[in-house]
Amino acid sequence: MDKLIKRRTAIRHLLIIAGGAMVLPACYRNSGKASIQLQNLTISEDDENLLAALTETLIPETTTPGAKSLKLHLFVLKMVDDCYTTENQKLYMEGLAGFNDFFKKQSGTSFADATPAKREEVLKVIQEGKKKDDPVKKFYDITKSKTIQGYLNSKYVMTNIVKYELVPGRYNGYFPA
Amino acid sequence: MANLAIDSVKERTFDVIVIGSGASGGWAAKEFTEKGLKTLVLERGRPVEHVKDYTTTNMFPYEFEHRNEIPRKEQEENPIVNRCYAYHEDTRHFFVKDAEHPYVQEKPFDWIRGYQVGGKSLLWARQTQRWSDFDFEGPARDDFAVDWPIRYKDIAPWYSYVERFAGISGNRDGLAELPDGEFLPAFPLNAAEDHFKKALKEKYPNRHVISARCAHLSKPNQIHFDQGRVQCQNRTLCQRGCPFGGYFSSNASTLPWAQKTGNLTLRPFSVVHSIIYDEAKGKATGVKVIDTNTKEEIDFFAKIVFVNASALNTNLILLNSTSNRFRQGLGNDNGLMGKYVAFHNYSATISAEYDGLLEYKTDGRNPAGGGYIPRFRNVFKQETDFLRGYAAAFSARRKESRDSKGIGETLKDNLAKTELGPWQVGSHMMGETIPKVSNYVRLDKNQKDAWGIPQLSISVEYDDNDWKIREDYYEQMREMFDAAGFTNIKTQNTDRRPGLDIHEMGGVRMGHDPKTSLLNEWHQLHACKNVFVTDGACMTSTGTQNPTLTYMAFTARAADYAVSEMKKQNL
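Here the protein sequences line up with chains A and B, keeping their order.
Residues in the first sequence are numbered consecutively from 187, following my numbering.
Residues in the second sequence are numbered consecutively from 8, following my numbering.
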């Protein structure tokens with residue numbers, strides 16, 4: 187029993203490190219609900235899958251891990267849930283709800299069924315949108331900025347790509363640029 | 008039974024009681040225990056053992072749930088502490104949350120506190136500059152507050168004494184207004200900071216940019232190894248507590264040192280209610296403590312009491328120490344206790360860009376933070392329509408940016424690359440404020456804390472002199488930045504509330520005359536000579552220096568005096 191608890195705790199810790207959020211292993215999931223506990227946002231399994239696909243479109247898996255395997259969609263949710271104002275959370279949820287409709291209107295297909303090229307094309311339209319406080323744009327902007335933050339601050343990137351030094355042990359004010 | 012009671016009193020009797028374990032309290036502990044005195048250090052907060060209790064110190068950014076951001080709900084619940092520059096997910100366990108220890112703001116005041124063993128010495132910005140006689144003679148020359156009862160020559164050897172032990176890095180710059188100390192090698196200025204230094208030298212003979220002097224072991228000596236500390240590793244994660252002991256804190260330095268003597272008793276979870284005064288003996292006999300776990304009231308006894316509870320809490324304890332003899336607070340015969348509180352004016356910053364020296368960037372991190380500009384206004388003579396002046400921090404770094412416009416693989420590739428922009432330079436002001444009778448703290452008549460002790464009520468605000476100082480800072484810095492070829496110069500009013508400088512001082516000021524001051528030249532209460540105050544509460548004026556080094560030197564000097572007086576049976 188002890189061992190089992192320890193193993194579960196260990197898995198949980200691993201996942202916390204991986205995605206910055208509490209994640210339960212897939213077998214614990216009840217279909218229809220998000221895989222992380224949130225205080226303020228109500229997120230369905232479909233929402234979560236959409237978000238996973240969106241973040242993966244932003245930062246896809248290549249020879250190195252992408253957003254989905256780094257669980258950045260869960261990091262985005264965690265941050266929006268804990269660190270954003272109620273007003274922005276509301277806009278975010280509205281944007282999330284309206285995202286697929288907007289996408290369909292632009293491309294004639296759902297985000298999930300669209301080709302990567304089509305996805306990029308529509309996302310660019312949203313990104314360049316000028317309408318202030320447009321929920322879809324707000325949802326997209328927040329998702330993108332938090333995905334980037336989560337990516338750059340992920341263990342993988344900080345260990346392998348843009349290395350973070352915990353103990354530099356030096357300072358040079360005249361380093362060749 | 009009677010014997011038991013006697014034993015119990017014996018167990019609660021020490022040679023010295025030190026209230027507070029922060030930078031100055033830690034020094035008192037070290038000095039007294041080294042001199043063989045049984046010393047009780049009272050700390051209101053929890054224990055924090057060096058290294059062991061630095062729970063976040065080796066964490067990587069991705070190990071923080073919110074990547075070091077404080078969640079919104081916590082921010083809303085604790086607006087005061089959240090305004091502090093050092094308060095983040097990695098350091099929050101060392102700060103007092105607003106609701107835990109409320110106080111009354113008659114005027115807006117951000118009171119930042121660290122209730123644990125080591126106090127704010129874990130959290131300080133580690134900037135350490137000596138005062139000069141241009142500071143000590145300020146009140147007398149410019150006719151404000153009262154004359155300091157000491158001068159630079161009185162404290163200079165004690166600055167040296169604490170600097171050698173604490174480890175202060177800096178250059179011997181040879182400036183009369185900022186005396187040199189016992190320095191470890193300085194952390195050098197970077198290319199753009201050096202450029203500003205040279206540009207100023209050409210145009211302004213009395214304005215200097217120096218390497219910021221700081222309490223970091225750039226090159227430790229044997230005395231630092233003896234403390235178990237090693238070279239600073241340039242992490243600049245200092246406020247988490249440093250596993251290398253790279254910067255000075257009570258936890259890394261003075262407290263373990265005191266512990267080794269066998270003469271230290273450190274008692275955490277001990278809120279001081281008041282100092283006990285014995286009318287027949289005409290002196291203090293001990294301290295009344297409330298154990299925060301058991302709520303039990305316990306008296307401790309000693310021949311000497313050092314009050315190092317942090318500036319405003321020292322005021323609170325003394326004001327709450329009432330007796331028949333002292334009805335308005337211990338040693339408060341003139342009614343001035345709690346008055347003439349002052350702080351440092353941090354209400355202005357300036358930033359700009361520099362397009363030169365682009366062949367250089369910085370590598371690694373600078374724990375000193377960059378450069379320091381000592382006060383240059385009204386130093387050698389009065390030259391403006393405001394009193395005193397300001398020091399300024401100055402630092403530069405190359406701007407690094409990433410192209411995040413793309414989507415997909417383009418974005419992913421671009422995030423791996425950084426583009427070096429121009430140098431970004433910046434400065435913030437550290438203005439002297441004038442202590443005034445109208446800036447005060449007092450005990451609130453109605454509100455009590457969780458232990459039945461009156462809450463502190465704070466009434467401190469800026470005045471016209473502070474705004475004139477700010478205008479001058481904007482004007483002079485803009486001109487200096489311009490002379491150095493900086494562009495895109497922007498000044499900013501930071502809207503800082505008093506207190507957020509975390510340099511609150513005064514209320515129990517030193518002076519020659521018991522009618523106009525509370526403490527004498529040895530930090531003794533004029534009216535109760537075995538009680539000493541050597542933290543920020545003793546300050547007669549504020550100078551423009553970061554004050555902690557001065558408190559540490561004051562403490563070592565006063566402790567030395569207390570021991571010699573005790574030996575002469577004068578205490």
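The hints are simulated quantities; they were obtained by calculation from the structure and are not laboratory data.
Watch out, some of these pointers could steer you wrong.
[Stated by the list, open to error] Capping the alpha-carbon separation at 27 angstroms, the derived lysine-lysine pairs in DSS-like fashion look like this:
(1) Lys574(B) with Lys276(A)
(2) Lys412(B) with Lys254(A)
(3) Lys291(A) with Lys324(A)
Comparing the hints with the structure gives:
| no. | hint | in the structure |
| --- | --- | --- |
| 1 | Lys574(B) with Lys276(A) | violated (71 angstroms) |
| 2 | Lys412(B) with Lys254(A) | holds (20 angstroms) |
| 3 | Lys291(A) with Lys324(A) | holds (18 angstroms) |
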